[in-house]
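Asker: So the sequence lines, in the order shown, correspond to chains B and L. Residues 1 to 211 (my numbering) are what the first sequence spells out, left to right. Residues 1001 to 1214 (my numbering) are what the second sequence spells out, left to right.
Since the hints were derived computationally from the structure, they do not count as laboratory data. Some clues are possibly wrong.
[Unchecked claim] Straight-line Cα separation of at most 20 angstroms, SDA-like style, residue types lysine to any residue; simulated pairs: (1) B:K78 with L:Q1169; (2) B:K30 with B:K49; (3) B:K78 with L:W1101.
[Stated by the list, open to error] One side of the interface only, derived from the structure: several residues of chain L facing chain B at Cβ under 7 angstroms: (4) V1039; (5) C1040; (6) V1043; (7) A1117; (8) F1170; (9) W1205.
Backbone N, C-alpha and C fix where the C-beta goes; we use that ideal spot for every residue, glycine too.
The chain contents come next:
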Amino acid sequence: MTRELSGALDYRTARACHECDLLQQIPDLKNGEIARCQRCGALLKRVHKNSLDRSLAFAITGLILFLVANLFPLISLKALGIAQHGNLISATIALFDADMPFLGMLMLFTTILFPLFSLLGTIYVLLNIRMGRLTPAIAPLFRFLRSTDAWGMLEIFLLALIVAAVKLVDLTEVITGISLYAFILLIITLATLSLTLNPDDVWDHLRKPKS
Amino acid sequence: MMTAREAGLISCHFCHNLNRLPSGQLPSEQDKAELTCYVCGSVIHSRIPQSLSKTWALVIAAMILYIPANVLPIMTVVMWGDGRPDNIMSGVMSLLHADMWPLALIVFLASIVIPIAKLLTLLGLLISVHFRSTWRPRERTQLYRATEFIGRWSMIDIFVIGILVALVQFGNAATVTPGMGALSFAAVVILTMIAAHTFDPRLIWDAIEESPNV
C-alpha cells in the first residue's frame, strides 16, 4: 500500500470504483468518451454533450408515447365472432381477476407505475435543473428514480407480447392494434433516454452551489 | 494502488462522489454510524452492511422456491372444457413445435438458463468471498456485472402468462388461468434481483488487499 499516491489525487474529481473501491483520478474526457476502472473494468464515467437537454426532450417524447400506447389496444384476437382487445393495463386487470393479486401488483408496478413515475420524475428533475431551481425534492427523487430503474420492464413486456402473439397465431386471428406502434416507439425512446441521460451531470448541478 | 476505504473515504452509492470519513473514526467502525453523502444526501456505507448474510438469505429462499416454480403448472389452458396444464419447459416446447426456434431459444434462455446460471453465480460468489478467495477477481466482478444486468429478463414468462390470461377469454371455448408455478417463478426472479443488489462486489477485492501475497 503506497500512501504517496493519495497526495497526487484530487478528491473532488477522483472516483472510487463502485465495484472494487479502487481510488483513481478520472482524466478529462472528450464528448462520447468513457472511463473504465483500471483494475476491474467497471464503467466509471461517460461524457455526453447536452446530456440533460437531450434527455429532457426524450423524456417528454416518452411521456406522450406512453399515454398514446395506453389509449388504444396493443393487440386483438378474433375467434368465434368475438373480438378480444388487450392494452397495457389488461394483463394487470386479468391477473387481479384471476385471484393472483401478487402477480397483478407485479404487472402494475413493472409495466405501468415505475415507467410512468420514471418519466414524470425525470421530466421534473431535468426541467427544474434547466430553469435553475434546485428544489430540495430533486436529490431524493432522483435517487429513487436511479434505484428503481431496473424495475421498469416495458421492453421485456414488448418481447412477451411477441411471444404471446406467436403462441396464439395458430389458434385465432391475431390483429396488431394501433397503439402497438406507439409502444414500439416508446421502447426505442426509453432505450435512447437511458443512454443519453448521464446521472453524473445531474449530481454535478446539485454539488455546485455548495462548493 | 489504494482503495477509498484505505484512504478514509467513502464513495456514495448513488452519485459516486467521495466523502471523507469523520476524523478519528476507524474504517472498521464506519458501518455503525449513519453518514450521509454531502452531495445527494443518501446514507453512505463503505461496504453494504450485512451484505453476505442478506444475500445468502435471499439466494436460499430463491433456491427453495425454484422447485415449485418448475414442478407446479405456470398456467392452464382450458379448451372446450379440456384443461391442459403448462409448466416452464412445456411452454418452450410448444414454441419449438410451432417452428419458432428463435423465440423458443429466447424463452429457454430467459426462463431456464438465466435463473439457474444466476443462482449458481451468486452461490459461487458468496462461497468465494466467504473463503476469501483471491482467484480471478476481475472475472468474478464481470460475472457479477452480467448477473445483475441480465436477471430481469427472466420476467418474460410472467408477462406472457399475464397477456395470455388477459386475451384468451372466450367463455367455454378457450380460457387461460395462471397457476401457482407462475407465482413461485416470479418470486424467484424478484428474490434473485434483490440478491444481486445486496451483494457488494467490493468484498471480492477486499480479500485481495488483505492477502499477504500482494
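Asker: Run every hint past the structure and note whether it holds.
Answerer: Status of each hint after checking the structure:
1. B:K78 with L:Q1169: Within the cut-off at roughly 11 angstroms; holds.
2. B:K30 with B:K49: This hinted pair holds, its Cα atoms lying about 9 angstroms apart.
3. B:K78 with L:W1101: Roughly 25 angstroms between the alpha carbons, so the hint for B:K78 and L:W1101 is violated.
4. V1039: Check passed: Cβ of L:V1039 comes within 5 angstroms of chain B, closer than 7 angstroms.
5. C1040: 5 angstroms, holds
6. V1043: Cβ of L:V1043 sits 10 angstroms from chain B, so the hint is violated.
7. A1117: It is violated, given that the least Cβ distance between L:A1117 and chain B is near 18 angstroms, above 7 angstroms.
8. F1170: 6 angstroms, holds
9. W1205: 4 angstroms, holds
Figure legend: structure checked against the earlier numbered hints; hints not met, in rising order: 3, 6, 7.
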